[in-house]
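K.L.:
Put the complex together from the two separate chains, hints included.
Those protein sequences? They're chains A and B, same order as listed.
Start counting the first sequence at 1; every next residue gets the next number (the numbering used here).
Start counting the second sequence at 1001; every next residue gets the next number (the numbering used here).
Keep in mind the hints are simulated off the structure, nothing from the lab.
Just to be clear, a hint being listed does not mean it is correct.
[Claimed, not checked] Here are the computed lysine-lysine pairs in the DSSO-like style, where the Cα-Cα straight-line distance is at most 30 Å: (1) B:K1099 x A:K36; (2) B:K1185 x B:K1128; (3) B:K1099 x B:K1126; (4) B:K1189 x A:K36; (5) B:K1015 x B:K1186; (6) B:K1040 x A:K97; (7) B:K1186 x B:K1010; (8) B:K1126 x B:K1010; (9) B:K1126 x B:K1186; (10) B:K1010 x B:K1099; (11) B:K1185 x A:K36; (12) B:K1126 x A:K36; (13) B:K1016 x B:K1189; (14) B:K1010 x A:K36; (15) B:K1189 x B:K1128; (16) B:K1128 x B:K1016; (17) B:K1186 x A:K36; (18) B:K1189 x B:K1099; (19) B:K1016 x B:K1126; (20) B:K1099 x B:K1015; (21) B:K1099 x B:K1185; (22) B:K1128 x B:K1010; (23) B:K1099 x B:K1016; (24) B:K1185 x B:K1015; (25) B:K1128 x A:K36; (26) B:K1126 x B:K1185; (27) A:K36 x B:K1016.
[What the hints assert, rightly or not] Some residues of chain B that are not near chain A, with every Cβ distance over 12 Å (derived): (28) L1014; (29) L1037; (30) K1040.
Where is the CB? At the ideal position from N, CA and C, for every residue including glycine.
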Amino acid sequence: MGDRYLLFFLMGLATYIPRALPFVFLTESKMPSFLKRFLDNIPSAILGALIFPGVLYSAGEVYFGIIGGIVSLIMAFFELNLVLVVAGSIGAVYFAKLLLL
Amino acid sequence: MGVDSLLRLKGMDLKKGFLDGVPIALGYWPVAMAYGLLAKSVGLDFFECTSMSLMVFAGASQFMALNFIASGVGIGEITAAVFLVNLRHFLMSLSLSPKMLTQHRGVRAVLSFGITDETFAVASIKEKYLSSSYLAGLEFISYGSWVVGSAAGYAAGAFLTETLQESMGIALYAMFIGLLVPLTKKSRKALYIGVLAGMLNGILGLFISRGWAVIVASVLAALMVPKKGKEE
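Chain B extracted, bound-state conformation (with noise of 0.2 Å):
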C-alpha cells in the first residue's frame, strides 16, 4: 500500500471516530456546561474552571472536587478521592489495550488521557481493532465538547431552562443502552453479564462508594460468566 493511500485510511480513521464521538459530545455538553455553571458559583474564576477541564477531563471528579473546594477540603484529601473515583478507568484502559493497533509507547500515553467512561463505551463496542486515528478523533470531539461547554456554561449561566437542563441528564444513559442493547442481541452472553453487573452495581452501591461499586460489579459481573455463550 503506498503512503498515499495509507494517509487516506487514516484520514478515513479520523472522520469515523469524529462521528462516532457526536453523541458523546452531545451528551457531555449540558454536563460540561452545569460544571461551569457549578465552578463560577463557588467561586472559581474563569480560567480556573476551564483548566480544571483542560487538566482531568473527568466528570464525576471534578463535580466532587468544586464540593470539596467550596467546603475547604484539603488538597490531598481531594486528590486521593479523585483517584479513587477514577479507580475504573485502569480496567477499561485494561480492556482497550489488546485492541489497540499501536505499540508505540507515546502514541498510546497520549491516548491514554482520553479513555473516560463514554470513549471507552463507544471504542469498545463499535471497533473490533482500534487505530491510533480512530481513537484521536472519538477523543478530540469529545474531550473538546467538555472544555468547550465548561467555559460556555461558565460564561453563559444558565440561559437553558431548568426543565431542558434535567432532561439532557439522560443523554448518556441514552448512548450508553444504545450500545449495550445492540450487543445483547447478538449475544446472549453478553446480556447476562450487562443485567449482572448492574444488579450487582445497585446493591453494592448501597454499601459501597459509587466508584466501588462499579469496580466490583463489573469485575464480579466478567468472572462469573466465562463460558463462551452462544453467540448470533
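Okay, chain A solo, but in the shape it has when bound (with noise of 0.2 Å):
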C-alpha cells in the first residue's frame, strides 16, 4: 500500500534531516572554541545518558538488567575487546535466567 511508503519515506526524512545538517555543513574551521570543547564531552555524556536508566530495563526484569551491567562493568573495566565484553553480558545474563527463573 502506497501510504506506507509514503510513511516511511517521511519517516527517513525525518531520520536523515538531524543527522546530515551539521555533518555537511559545520566543518571545523568554523568551530568556535567554546563549541569545541562543548563537543569534546558530548560523547562521554551520551554515552552515560544511553546507559542509564535504559540499562536496567534491558533484559527483561529489573535484576537482570542490574546483572548484566555489573558483568560488562567489569569485563570493561579490564578493557576487554568489545565483542568479548557483548558475548560475556548477554551469556551472564542467560546463564542467570537459567538459574533464577
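P.N.:
Spelled out as C-alpha cells, the structure:
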C-alpha cells in the first residue's frame, strides 16, 4: 500500500535531516572554541545517558539488567575486547535467567 | 605517498571500521529480528518491513512506528514523533563532524545516513579522527546487520527461545559500557560527565519523553563540567 511507503519515506527524512545537517554544513574551521570544548564532552555525556537508566530494563526484569550491567562493567574495567564484553554479558544474563527463573 | 599506498591505507581503514562494527552488528541482530517479528504481527508485508529498515535505520523509531501503525495513527503524527525521537542524532552528528577528515559534502551527506547511537559511540570513542573509509566500514556492517536482521526476523519468526531473546537485550548496553568505562579510567572528567548525564537522564525521564531526556541530560552534563579535568 502506497501510503505506507510514503510514511517510510517521511520517517526516513525525519531521521536523516538531524543526522545530516551538522555533518554536511559544519566543518571544524568554522567552530568557535567554546563549542569545540562542549562537543568534546558530548561522547561521554551521551554514553552515560544511553546507558542509564535504559540498561535496567534491557533484559526483562530489572535485576537481570543489573546483573548484565555489573558483568559488563567488570569486563569493561579490564578493557577486554568489545565483542567479548557483549558476548560475556549476554552469557551472564542468560545463565542468571536459567538459574533464577 | 603514492596512490598504491594511499589505497592500501584506505583498505586498512575500511577493514578497521568493519571490525569495530562487529559488536554493533551483533547487538543489532536480535533487535532487528524482534522488529521483523513485530512488523509481521502488525500486518506489514515482507517488503514493507524490510523497506522501513532500509529507509529509516533507527531502531526506537521503527518500533514506535509499528505501534502507531497498529493503532491507526496518521502519517503526519508518526513523522513528527520520529523526528523528535531522533533529534538526539543532531547532537551526535555535531560532535562527530569536526573529527571527519574529508570536507567533501557529498561523502559527508552519504555517511551521515549511518549515524546511530551505536555507530556514533564507537566512532567517537575508538578514533580521534575519522576517515571516510573507516566510517563507511563501521556503518556498512551495522546497517547490513540491521536490514538483513529485520528481513530474517520477518521470514524466520521466533526461532530463539524467549529467554535467549531477552538476554540479548543487554548487548548494546554492554557495548556502551565497554566503550565508556575505559574512557573514564583515562579521564576523570569523562567519569563525572558520564555519571552526571546518566543521573540527569534518569530524573528527567520521569517528567519528559525519553528522546528529550537524553538530549537535555547530555547537553546539561556536557555544559556543567566545562573545565579540563585531570587527564591521565
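K.L.:
Run the distance test for A:K36 versus B:K1016: straight-line Cα separation, threshold 30 Å.
P.N.:
holds (26 Å)
K.L.:
For a C-alpha distance cap of 30 Å, please report whether B:K1126 and B:K1185 respect it.
P.N.:
Measuring from Cα to Cα gives roughly 15 Å; hence the hint holds.
K.L.:
Taking the closest pair, is the beta carbon of B:K1040 still more than 12 Å from chain A?
P.N.:
Given that every Cβ of chain A is farther than 12 Å from that of B:K1040, nearest at about 14 Å, it holds.
K.L.:
For a C-alpha distance cap of 30 Å, please report whether B:K1126 and B:K1010 respect it.
P.N.:
holds (17 Å)
K.L.:
Verify the proposed pairing of B:K1099 with B:K1126, using a straight-line Cα cut of 30 Å.
P.N.:
holds (12 Å)
K.L.:
Are the Cα positions of B:K1099 and B:K1016 separated by 30 Å at most?
P.N.:
holds (17 Å)
K.L.:
Just to be careful, I want the Cα atoms of B:K1186 and B:K1010 compared with a cutoff of 30 Å; is the pair within it?
P.N.:
holds (29 Å)
K.L.:
Decide if the proposed pair is consistent with the structure: B:K1186 and A:K36, CA atoms, cutoff 30 Å inclusive.
P.N.:
holds (20 Å)
K.L.:
Against the 30 Å threshold, does the CA-CA distance of B:K1128 and A:K36 hold or violate the hint?
P.N.:
holds (14 Å)
K.L.:
Does B:K1126 pair with A:K36 here, judged by a C-alpha cut-off of 30 Å?
P.N.:
OK: B:K1126 and A:K36 at ~18 Å, within 30 Å.
K.L.:
Taken at face value, is the distance from the CA of A:K36 to the CA of B:K1185 at most 30 Å?
P.N.:
holds (22 Å)
K.L.:
Would the hint linking B:K1099 and B:K1015 be met if the CA-CA limit is 30 Å?
P.N.:
holds (19 Å)
Checked against the numbered hints listed earlier, the structure breaks none of them; every hint is satisfied.
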